[in-house]
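Trainee: Next come the chains, spelled out residue by residue.
Protein chains: 2
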Amino acid sequence: MASQADVTTNFFDEDTTLERTGDNSFSGFFHETWGLAGGTPNGGYLMAIAARALQETLDHPHPLTITGHYFKRSDTGPVVVETEKLGRSFTTSTGFARLIQDGVQRTHFTATFTDFDHAVGQTIVHAEPPKLPAPEDCIAHPYVAGRSPKFQEKIDMRFHPDHMGWAKRTPHGVGEMAGYIRFSDGRDPDLLSTLLFADAVPPAVFNVVGPTGWVPTIELTTHLRNRPRPGWLRFRFTTRMLTRGIFEEDGEIWDSEDRLIADSRQIQKLMVPRKGVDS
Amino acid sequence: MASQADVTTNFFDEDTTLERTGDNSFSGFFHETWGLAGGTPNGGYLMAIAARALQETLDHPHPLTITGHYFKRSDTGPVVVETEKLGRSFTTSTGFARLIQDGVQRTHFTATFTDFDHAVGQTIVHAEPPKLPAPEDCIAHPYVAGRSPKFQEKIDMRFHPDHMGWAKRTPHGVGEMAGYIRFSDGRDPDLLSTLLFADAVPPAVFNVVGPTGWVPTIELTTHLRNRPRPGWLRFRFTTRMLTRGIFEEDGEIWDSEDRLIADSRQIQKLMVPRKGVDS
Chain A
52 MASQADVTTN
62 FFDEDTTLER
72 TGDNSFSGFF
82 HETWGLAGGT
92 PNGGYLMAIA
102 ARALQETLDH
112 PHPLTITGHY
122 FKRSDTGPVV
132 VETEKLGRSF
142 TTSTGFARLI
152 QDGVQRTHFT
162 ATFTDFDHAV
172 GQTIVHAEPP
182 KLPAPEDCIA
192 HPYVAGRSPK
202 FQEKIDMRFH
212 PDHMGWAKRT
222 PHGVGEMAGY
232 IRFSDGRDPD
242 LLSTLLFADA
252 VPPAVFNVVG
262 PTGWVPTIEL
272 TTHLRNRPRP
282 GWLRFRFTTR
292 MLTRGIFEED
302 GEIWDSEDRL
312 IADSRQIQKL
322 MVPRKGVDS
Chain B
52 MASQADVTTN
62 FFDEDTTLER
72 TGDNSFSGFF
82 HETWGLAGGT
92 PNGGYLMAIA
102 ARALQETLDH
112 PHPLTITGHY
122 FKRSDTGPVV
132 VETEKLGRSF
142 TTSTGFARLI
152 QDGVQRTHFT
162 ATFTDFDHAV
172 GQTIVHAEPP
182 KLPAPEDCIA
192 HPYVAGRSPK
202 FQEKIDMRFH
212 PDHMGWAKRT
222 PHGVGEMAGY
232 IRFSDGRDPD
242 LLSTLLFADA
252 VPPAVFNVVG
262 PTGWVPTIEL
272 TTHLRNRPRP
282 GWLRFRFTTR
292 MLTRGIFEED
302 GEIWDSEDRL
312 IADSRQIQKL
322 MVPRKGVDS
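From first to last, the protein sequence lines stand for chains A and B. Okay, so the first sequence: first residue is 52 according to my numbering, each after it adds one. Okay, so the second sequence: first residue is 52 according to my numbering, each after it adds one.
Errors might be hidden in some of the hints.
No copy is singled out in the list; a pair is fine if it fits within one copy or between any two copies.
Keeping only pairs whose Cα atoms sit at most 20 Å apart, straight-line, the calculated DMTMM-like set for lysine to aspartate or glutamate is [unchecked claim]: (1) K123 to D110; (2) K219 to E83; (3) K219 to E135; (4) K136 to D166; (5) K201 to D153; (6) K182 to E204; (7) K182 to D126; (8) K182 to E70; (9) K219 to D64; (10) K136 to D153; (11) K123 to D241; (12) K219 to D301; (13) K182 to D168; (14) K201 to D309; (15) K205 to D110; (16) K136 to E204; (17) K201 to D64; (18) K219 to D309; (19) K182 to D64; (20) K205 to D168.
These aren't lab readings, by the way, just hints derived from the structure by calculation.
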């Protein structure tokens, strides 16, 4: 298998490229590929761009935890990223990145970085990768050109056959979505692409209420736990608590060697209020 | 039972009071009561202060989600809070609060506010309050003056008898901590005190690795779901994934009428590296 150093540059790396324009400022471009209907780029894509800017700003190389707040719509087009150092300890450093388009701040990100190659400490994991049939027995994303998010063309995603109710508009009522994920060109995963994958799967809430269209993210936090080894990643996303159209989504991502790579949580909203019991 | 309007002012309200000093600036004081050993104030206490400043800044009255990043140590003493409006929709508004001591920014908070009294939308909750014996059959916090965090004197906390291994230094190996919580003076809960309670319980990881002392929070996000009704709140905190001394803690808080009040997640670190398997 390829080592970490052999990961080759692909479309994702190119589409998240930044040019340094000052000590703590960068210019980049939100590519149309990563936009949803209407052009708003995927939240995990924005997070990967913010993480790249912070990687250039901070004294540690690897994101350990990163939080994004999506308070104004972003669009396809140029973006300015301004970063700030916030704090530093021996093992971690924390920074802030503001993503600005047309002079208006649209999103911001706070991240703590570490060095996974030197980090030490106790490890006890009471969790397991999702139980899945082999990739060839799982169901590919039912991509429909012009209707599905364009970036699904760039990602190879295979779902547990029991979790496909959303695609047939017969949700089975349980907020769960598990499967395999990788880039469609076979490029192996790394920490930055894990940030993308943590927000690239159709929302697990679609298996509760059906596919409702765009569900905007208010806040997304991803904790990274290990640098992924080559091969398929496996994901499991769950939503248990929908209150007045607002819901959390919890994620876990595991690598081909059964190592935990990331856990994530986001809070999102259904765009169309539906009839239901308010408590 | 008392209605929401009858909630009386208590020590918590007094200790989180802010004075407005400008359009978007406030002055306050971190009281010793809410400090851990060494004086660092509790992270939920800081979050409640930030939420009060944002409540005065934003156009909606109730916190829906708030994230804190704790990148430098805070201390007992005066604090300046500077706020900023970030975005607004019809149903929510988002703002940013920086907490500054001695001219140095120590923590920051991003929050989205809403109006729970007018919010509408679908509600489906696939989760239940923790199963607990009656409060009188649960175990009170084993408070030791001079050793336990001082604020435990101000909070009445009762633990599930099965979750007390940490206090006897015989952790049973499962990262779970469930019980009842309220103010010791009987003041009923509200949204701001829920932010405190979401970070006031001894870490669930103590039931995995034993009580290790202070476990600093890197990032904490609390989602609020409903305004609590009077009476005891019930909590359940869990930690499943400890990797190289870094771990998440997930929380749920329920009210006396079995309504979900909050879910929270934080990422923390054990201060003393211990022997274990790194993966």
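Trainee: Evaluate each hint against the coordinates.
Mentor: For each hint, the structure was consulted:
1. K123 to D110: between (30 Å within a copy, 16 Å between copies)
2. K219 to E83: neither (27 Å within a copy, 58 Å between copies)
3. K219 to E135: Answer is neither; intra-copy 46 Å and inter-copy 44 Å both fail.
4. K136 to D166: Answer is within; shortest intra-copy Cα gap is 17 Å, inter-copy 34 Å.
5. K201 to D153: So K201 and D153 fail the 20 Å test inside a copy (24 Å) and across (49 Å) alike.
6. K182 to E204: neither (25 Å within a copy, 46 Å between copies)
7. K182 to D126: Answer is neither; intra-copy 37 Å and inter-copy 47 Å both fail.
8. K182 to E70: Classified as neither: same-chain Cα gap 42 Å, cross-chain 54 Å, threshold 20 Å.
9. K219 to D64: neither (34 Å within a copy, 51 Å between copies)
10. K136 to D153: Close across copies (18 Å), not inside one copy (24 Å); limit 20 Å.
11. K123 to D241: neither (28 Å within a copy, 29 Å between copies)
12. K219 to D301: Neither: 23 Å inside a chain and 33 Å across chains, both beyond 20 Å.
13. K182 to D168: Intra 29 Å, inter 42 Å, cutoff 20 Å: neither.
14. K201 to D309: neither (30 Å within a copy, 42 Å between copies)
15. K205 to D110: neither (32 Å within a copy, 40 Å between copies)
16. K136 to E204: Neither, since 36 Å and 37 Å both go past 20 Å.
17. K201 to D64: within (17 Å within a copy, 50 Å between copies)
18. K219 to D309: neither (31 Å within a copy, 34 Å between copies)
19. K182 to D64: neither (31 Å within a copy, 48 Å between copies)
20. K205 to D168: neither (29 Å within a copy, 43 Å between copies)
Hint compliance for this structure: hints 2, 3, 5, 6, 7, 8, 9, 11, 12, 13, 14, 15, 16, 18, 19, 20 are broken, all remaining hints hold.
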